[in-house]
Amino acid sequence: DQQVKQNSPSLSVQEGRISILNCDYTNSMFDYFLWYKKYPAEGPTFLISISSIKDKNEDGRFTVFLNKSAKHLSLHIVPSQPGDSAVYFCATFLNQAGTALIFGKGTTLSVSS
Amino acid sequence: DSGVTQTPKHLITATGQRVTLRCSPRSGDLSVYWYQQSLDQGLQFLIQYYNGEERAKGNILERFSAQQFPDLHSELNLSSLELGDSALYFCASSVAPQAYGYTFGSGTRLTVV
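Residue numbers (the working numbering), protein chains in the order written: chain A, 1 to 113; chain B, 1001 to 1113.
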């Protein structure tokens, strides 16, 4: 049973607009969440993380929002660029020791110019 | 270049055979993680080693085994291969997983025919 769910397999956005990628999780004990980006033929690349003690973390064009009561997080990319086209995974740790990072199935973002 | 090196990049083998995938973590990282990415299952955590010791186990089949050597490189051994084992196998390493997640290699694509 999936503990981290990305319910939208794909998202298409125009260049310059906002991209919003969503992720739901099942266990309220999860305390760190991460987003990864993956290009074809490459390994996933760490993008941004958020601790459960925060509700927002920002890094340049990327902002992650965490809603603990809804067990939901989202990644906002503003403005979106064609180079952002990739598969985005949300992830969390199964335990507080930082082992066993588990991933959602990913959302493929396509940004058109 | 992420600093995590995986060899070989591609591997084609027949059912019933055994293969070994190799991973060198980033310099200074003591933890190595193995993941399997198949089309329908997304990124699945297999196993973690820390400084030569097994630390955490995920959905790793009994036909699969891993080890980490004194120089910290790791090998994932897959035996009695089946068609369903065809996937991308990623290795990752970390220094501060909660803050920076894992750093992934570019993967080994295994095709079982």
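Treat each hint with caution, since some may be false.
Within a straight-line C-alpha distance of at most 25 Å, the following computed BS3-like cross-link-like pairs (lysine-lysine) qualify [what the hints assert, rightly or not]:
1. B/K1057 - A/K5
2. A/K54 - A/K5
3. A/K56 - B/K1057
4. A/K105 - A/K5
5. A/K56 - A/K71
6. A/K54 - A/K71
7. A/K105 - A/K71
8. A/K54 - A/K68
9. B/K1057 - A/K105
Derived by calculation from the structure, the hints in this document are not laboratory data. The model shown is predicted, which means the values in this text are computed figures rather than measured ones.
* Regarding the pair A/K54 and A/K71, is the alpha-carbon distance no greater than 25 Å? -> holds (13 Å)
* To do: Compare the distance between the alpha carbons of B/K1057 and A/K105 with 25 Å, and conclude whether the hinted pair is satisfied.
  => With Cα atoms ~20 Å apart, B/K1057 and A/K105 stay inside 25 Å; holds.
* Asked: Between A/K56 and A/K71, does the CA-CA distance stay at or below 25 Å?
  -> holds (14 Å)
* Under the criterion that the straight-line Cα-Cα distance not exceed 25 Å, is the pair A/K54, A/K5 satisfied? -> Judged against 25 Å, a Cα distance of about 21 Å means the pair holds.
* Starting from A/K105, check that the Cα of A/K71 is at most 25 Å away, please. => holds (17 Å)
* Does the alpha-carbon distance linking A/K56 and B/K1057 stay inside the 25 Å limit? -> violated (31 Å)
* Is A/K105 within 25 Å of A/K5, Cα to Cα? -> It holds: about 7 Å lies between the C-alpha atoms, which stays within 25 Å.
* Does the alpha-carbon distance linking A/K54 and A/K68 stay inside the 25 Å limit? -> Answer holds: A/K54 to A/K68 is near 9 Å, not above 25 Å.
* Asked: Does A/K5 lie within 25 Å of B/K1057 when you go C-alpha to C-alpha?
  -> Between B/K1057 and A/K5 the Cα gap is close to 21 Å, so the pair holds against 25 Å.
Checked against the numbered hints above, the structure violates only hint 3.
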